[in-house]
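Trainee: Okay, here's what each chain looks like letter by letter:
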Amino acid sequence: MTWDYIFVQVANGAVIGIIYALIAVGVTLIFSILKIVNFAHGDLYMLGGYCAYYFIALLGAPPLLAMLLSMATLFALAIVLERLLLTPLYSDATERKDEYGLIITFGLAFFLRNIAVIIFGPYPLKPPSFIPGVQHIGEMTVTNDRLFAGGVGIVLILALLYFMHRTIWGQALDAVSQSRESAAIVGINSRRFNSVAFGIGAALAAAAGALIAPIFSLAPDMGVLPNIHAFVIVILGGMGSVLGSIFAGILLGEAENLFTAFFPDPTRALAYTNAFGLLILMVVLIVRPQGFFGRRHLRME
Amino acid sequence: MRGLHIYILLAVAALALVFADRLSSYWMHVAIIAMFYGILASSWSLLAGYAGLFSLGHMAFASIGGYTSALLVQWYGIPIPVGMVAGVALCCVLGGLIGWVCLRMTGPYLAIFTLGFSEIVRIIFATEDDITAGMAGLHVERLFSTTSRLPYFYVAFALLVVSLLLMGVIVRSRWGLFLRAIREDEQAASASGVAVARFRILAFAIASGFAALAGSFYGHYIGILTPSIGGLDFMAVLVVMTVIGGMERLPTAVGGAFVVEFLLEVLRGYGQWRLPLFGIILLLTMRFARNGLLTPLWLRFVQLGEPRAVAATALRDVPQKDPAQ
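Chains as they are written, first to last, in the working numbering: chain A, 1 to 301; chain B, 1 to 325.
Just so you know, these hints were derived from the structure itself, not from any lab.
Straight-line Cα separation of at most 16 Å, EDC-like style, residue types lysine to aspartate or glutamate; simulated pairs:
{"no.": "1", "chain 1": "A", "residue 1": "Lys126", "chain 2": "A", "residue 2": "Asp221"}
{"no.": "2", "chain 1": "A", "residue 1": "Lys97", "chain 2": "B", "residue 2": "Glu186"}
{"no.": "3", "chain 1": "A", "residue 1": "Lys97", "chain 2": "B", "residue 2": "Glu184"}
{"no.": "4", "chain 1": "A", "residue 1": "Lys97", "chain 2": "B", "residue 2": "Asp185"}
Derived DEER-like restraints, expressed as beta-carbon distance ranges:
{"no.": "5", "chain 1": "B", "residue 1": "Phe301", "chain 2": "A", "residue 2": "Leu58", "range": "50 to 58 Å"}
{"no.": "6", "chain 1": "A", "residue 1": "Asp221", "chain 2": "B", "residue 2": "Arg198", "range": "36 to 44 Å"}
{"no.": "7", "chain 1": "B", "residue 1": "Gly137", "chain 2": "A", "residue 2": "Asp221", "range": "14 to 22 Å"}
{"no.": "8", "chain 1": "B", "residue 1": "Glu265", "chain 2": "A", "residue 2": "Gln171", "range": "48 to 56 Å"}
{"no.": "9", "chain 1": "A", "residue 1": "Thr87", "chain 2": "B", "residue 2": "Glu184", "range": "18 to 26 Å"}
{"no.": "10", "chain 1": "B", "residue 1": "Glu265", "chain 2": "A", "residue 2": "Leu125", "range": "29 to 37 Å"}
{"no.": "11", "chain 1": "B", "residue 1": "Ser228", "chain 2": "A", "residue 2": "Leu58", "range": "30 to 38 Å"}
{"no.": "12", "chain 1": "A", "residue 1": "Tyr123", "chain 2": "B", "residue 2": "Ser228", "range": "18 to 26 Å"}
{"no.": "13", "chain 1": "A", "residue 1": "Leu58", "chain 2": "B", "residue 2": "Ala197", "range": "51 to 59 Å"}
{"no.": "14", "chain 1": "B", "residue 1": "Ile224", "chain 2": "A", "residue 2": "Gln171", "range": "56 to 64 Å"}
Cβ coordinates follow ideal geometry from the N, Cα and C atoms, glycine included.
Hey, can you work out the whole structure from these sequences and the hints?
Mentor: Structure, rendered in structure tokens:
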């Protein structure tokens, strides 16, 4: 095993980690505002990838524009879904909201995954590259698409952080996540921010889907594993912590790639990589359920 | 006449047994699979509906039970029923263990934890192919050597009835009350003297045991086991069945399994459209009739033999989840 190989694995791990983080910050944002874990998040990511693909294939949009359009589409779609399905969560008449949120998002995931098979077909699709070609850095080779995905991913995460910490809407979101009542007292319409949070989460997932599409391909069930990975990250980073998700995302991407590289039996390495991530998830849930960056007021009772 | 519904159910059961041999081989298969799902749906309703422990690992226990029984029979040549009992026993212990480990987790955390568990189990079964034959499928010794499906029908029927009776006794006893108390408010239950930890573990152990029973029967009936039985797709179908029927009662959960399995076969001509259709029905059920579509029917059915006035008050006493009430 050469150092170059390990370098390539580290670089790939970082890119995948950033993509994971992009999905996971959506889950954590939605959790901190709506207090539900979105089991359909991986399927929004899948839809985002397909949306970008069709903007390229049918409208001839440049890939980057297609990604932005796909984000906008998913933002709108998510708000529609949230209005249709999640409003009972805000009513006091609804009992056991945890259970309601779980089953409704689980059912939504089931619906989206299966309708995607019909609309998009079961065969994998591959959109064109953002920037074709590869980069040679020393001895190692990294495709431009991976670098581009990593770069855009970082920009989006920075934009989200800016939005959360430096704009009035971001501050309002934070206020709603801390206390719905207090936010209402200072005049924040918390209902609107439920929609905004769900929409932003979906838009980020869509970006991740569009970015990953040229690297892997699009398939209706592509969202299943990233969804579980997003849970691993969110649990690791602490529910409701955006920064925690970013750290944990990159950590998980690296850990998995190095696990694949060093696993003694190469024929099984890939299969057990996913199990490895899940094992981390289970151990963290047992040992430290609030995660490592969790914010106390968001801990789920 | 009080208890009329019980006599009706007995009559239907007797008719089903007597006329079972009139069923075509195909519909008998559908009926057997429906009963397999019936055991799974009712045991999952015990866990998720009664105790409020929304576990996504139920099918994992079915697959563990199935593989355990199949492999034990294959390796040691023990009789199949003994293998099935071993699978059930193992899953009771494992289920109790999972229940113990996730005692502190509630709601979505529990769901994510059990999802992780179930995926790990599936990955192990798929990857260790020198033992489990992986995705190619493990050949399992069949319960009967005949090609007729009739004996399987009787066995499935017996397993379903016994499971339902056992679980029915549990949920109608004080234990059932404790489980529902835990579902509604764990701290309040604990403050009222319910041994929350013990009953959460018990609920997991019992439900996992029944899942293993269904899984091991399925293996010995179909004759082949693949890791996908413990996957998310099967779990999703199980959730669809149970929630559409009504997850807070055993009979409605079983009814949901029967209705959905039957509709899946009737609508076979629509192919891929069936699953999204049931997805939509699930979402609508959850959104507008959270008690399940069969629950109102079941409540009327139970009150069939009673005088009108009594029935009306009884109906009113049933706790309603409808926000309009």
